[in-house]
Amino acid sequence: FTEGELVGVQHGFVTKNTWGVEKIMIVSTNPIVLGNMPQQDDEKNNVKIAFMGQVPVKVIGEVNPGDYILPNMLGNGFGVAVNPDKMKTRDYKKVAGVVWSVMGEITPGINLVNVAVGINTNDLSDVVSKQEEEIQALRSEMTELTMVLAKLVPGYAEETGVAIPSESHE
353 FTEGELVGVQ
363 HGFVTKNTWG
373 VEKIMIVSTN
383 PIVLGNMPQQ
393 DDEKNNVKIA
403 FMGQVPVKVI
413 GEVNPGDYIL
423 PNMLGNGFGV
433 AVNPDKMKTR
443 DYKKVAGVVW
453 SVMGEITPGI
463 NLVNVAVGIN
473 TNDLSDVVSK
483 QEEEIQALRS
493 EMTELTMVLA
503 KLVPGYAEET
513 GVAIPSESHE
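The sequence shown: position 57 = 409 (my numbering), numbered continuously.
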């Protein structure tokens, strides 16, 4: 494992495989706090993972502050940046962190970025809330359309069980 590498965590074990794992995390360069510190003679068999804070990460392709960092499709420890507007709901499980700054280009097409880890835990709830509002709006629109159909198409209300409110005449 190398510092700044994206790794997977499965059943408490760190792996270079990032597909289908419980969590995507980043190998730390300089952790302030260590949990579950290994015995001194066993440190080489353990890896320091960032749970919270800022960590440099190597990212392939274009990257901007505010982008989410996900593992790339090759699973080689490099990240890819995804703009928040282009995130799909299923992508949030793969988020390693959020770009705070681009530190510079290592080689053409590969950037070193400063990633905030452990602070985007509520981002998915914002997406779910927005989807909930959209679903409610679609339900209302569907109800209105059903009522229009029930009034315009003979037998529609009876076949679908739609109750047409009676219009009051004053």
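No lab work stands behind these hints: they were computed from the structure.
All values reported here derive from a predicted model rather than from experimental measurement.
You may find that some hints are simply not true.
Cut-off 25 Å, straight-line C-alpha distance, at most; resulting in silico cross-link-like pairs (SDA-like, lysine to any residue) [claimed, not checked]:
1. K375 / K410
2. K400 / V366
3. K368 / V479
4. K482 / V454
5. K446 / G405
Derived CB-CB ranges, DEER-like [as the list claims (entries may be wrong)]:
6. I462 / E493: 40 to 50 Å
7. N369 / A515: 53 to 63 Å
8. G456 / R491: 47 to 57 Å
For every residue, glycine included, the Cβ atom is placed at its ideal position computed from N, Cα and C.
How the hints compare with the structure:
no.: 1; hint: K375 / K410; verdict: holds (18 Å)
no.: 2; hint: K400 / V366; verdict: holds (10 Å)
no.: 3; hint: K368 / V479; verdict: violated (29 Å)
no.: 4; hint: K482 / V454; verdict: violated (29 Å)
no.: 5; hint: K446 / G405; verdict: holds (18 Å)
no.: 6; hint: I462 / E493: 40 to 50 Å; verdict: holds (46 Å)
no.: 7; hint: N369 / A515: 53 to 63 Å; verdict: holds (55 Å)
no.: 8; hint: G456 / R491: 47 to 57 Å; verdict: holds (49 Å)
Comparing the model with each earlier hint shows violations of hints 3, 4; every other hint is respected.
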